[in-house]
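Please put together the full structure from these sequences, using the hints given.
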Amino acid sequence: MLHGGFLEGDAVMVAGAAGSGKTTLALQHLVNGATKYEQNGVYVTFEQLPDQIYRDAEGFGWDLRRLEQEGKFQIICTSPDLMVNKNGAEELLGDTIRELRPKRMVVDSLSHLQMFVPEGDVRREVYRLVMFLKTKGISSMLLWENPQILGNSYSITDVGLSFMVDAIVALRGVEIESSMRRALAILKMRGSDHDKHLREYEITPHGIRVDQPFTQYKGLMSGSPRRVASEKFVDMFRSVSDKKKSAVG
Amino acid sequence: MVEQTSNILSRLLSSDAKADLLVLFHKNPGLIDTIEAIARRIGRMGSAVEAEMRDLVAMGLLKVKVIGGNMVYSLDRSGDKRILEEAADHIRIVK
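Listed in order, the protein sequences are those of chains A and B.
Once you know that position 97 of the first sequence is 96 in numbering that gives the first Met the number 0, the rest is easy, because the numbers rise by one and skip nothing.
Once you know that position 10 of the second sequence is 9 in numbering that gives the first Met the number 0, the rest is easy, because the numbers rise by one and skip nothing.
What the hints contain is simulated information worked out from the structure, not anything from laboratory work.
There's no promise every hint is true.
[Unchecked claim] Straight-line distance between alpha carbons at most 20 Å, and here's what the computed EDC-like set of lysine to aspartate or glutamate pairs gives:
(1) K64/B with E98/A
(2) K80/B with E69/A
(3) K26/B with E57/A
(4) K187/A with D120/A
(5) K62/B with E89/A
Computed from a prediction, not measured in an experiment: that's the story for all the values here.
Below, the structure is given as C-alpha cells:
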C-alpha cells in the first residue's frame with residue numbers, strides 16, 4: 000500500500016476517531032521496527048499511563064517490557080506543556096535519544112498537545128517538534144484524534160497541521176448495510192507513490208491487518224456508501240421500465 | 000549496613016502516599032513529570048506528595064531536573080535497582 004514503506008525521517012500523521020486503532024497501529028509500527036528492522040523505537044504518551052499500554056500490547060502478543068529490557072524500546076509518559084517548553088523536547092527526550100538511538104518515535108497525541116498551546120502557536124510548536132525529530136534522524140508517527148466518525152465533511156485537523164507532515168494515514172469508520180466497518184486511506188505521501196484505494200482494515204488479535212480495497216462501494220468517505228454494481232442494476236431496470244411506459248403511452 | 004537498609008525500608012513505607020508513588024513509578028518507569036501532574040496520576044494534590052517526592056529524591060530512587068523552570072521528576076533506574084537489591088539482601092539476612 001505504501002510501495003516500500005515510509006521514507007526515513009518522515010513525519011507521518013495518523014488521524015482517526017477514538018477506537019479507530021491509532022494506538023494499535025502506532026505500537027505495531029514500533030514493535031515491527033524493533034523486532035524486524037533493527038530500528039529502536041520510543042512511544043511518547045501524554046494520555047495513557049505506560050502500565051496500560053504494556054497491558055494492551057500484551058493482548059496483541061507484544062512484550063514491550065522485554066523490548067525495554069533489551070534496549071530496543073522505551074515509553075515516555077509526560078505532560079504536553081513540558082514538551083512545548085523552551086528546549087522541552089531536548090530536555091525530555093535527549094537522554095533517551097542518546098542512550099537508545101531510536102529511528103522511530105510515536106507521539107500520542109498531537110490533539111492532546113494542542114490543548115496546552117495557545118491556538119495561534121499550535122502549528123509553530125508542532126513544526127518545532129517535527130523538525131527536532133527530523134534533525135535527530137528519527138521518523139515520527141504523530142497521532143491525531145479526529146472526532147469525525149461519520150458524515151460528509153472530512154478535514155483532518157482544524158488547525159492546519161496537514162501540510163507540516165510528509166504523510167497522512169486516515170482511519171475511519173464506515174457504515175455499510177447497517178454494520179460498522181473500518182476504512183484506511185493514505186491521503187498524502189510526499190516523495191513516493193502510494194496506493195490511492197480506500198482499503199478495509201481489521202483489528203485482529205495480532206494487530207492491524209489491511210485487507211482488500213472497497214471496490215464494490217462508492218461514497219464511503221462522504222458517509223453515504225452505495226453499492227456500485229447494484230446502482231448499475233437499478234439504472235438498467237429503470238431504463239427498461241421507462242421504455243415500457245413510453246411504449247404503452 | 001543492616002541498620003541503614005532497615006532505615007531505608009522504614010522511610011520507603013512511612014506513608015500511603017509514598018507507597019502509591021513507588022508503585023506508580025515501578026509500574027511506569029518512563030514517567031517524567033512535575034509534582035502536580037504526578038500527584039494527579041495517583042488521585043492526590045501536589046502539596047500532599049511534595050515532601051514524599053523530595054524524600055524519594057534524597058534516597059536516590061527518583062531524580063529531578065529543571066525543564067522550562069519546572070522541577071521534573073523521574074525514576075532513577077540505577078538508584079532504584081541498587082536500593083531494591085539492598086532491601087532484598089536485608090530481608091534475606093533478617094529471615
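Hint by hint, here is what the structure shows:
no. : hint               : verdict
1   : K64/B with E98/A   : holds (18 Å)
2   : K80/B with E69/A   : holds (16 Å)
3   : K26/B with E57/A   : holds (15 Å)
4   : K187/A with D120/A : violated (24 Å)
5   : K62/B with E89/A   : holds (17 Å)
Hint compliance for this structure: hint 4 is the single one not met.
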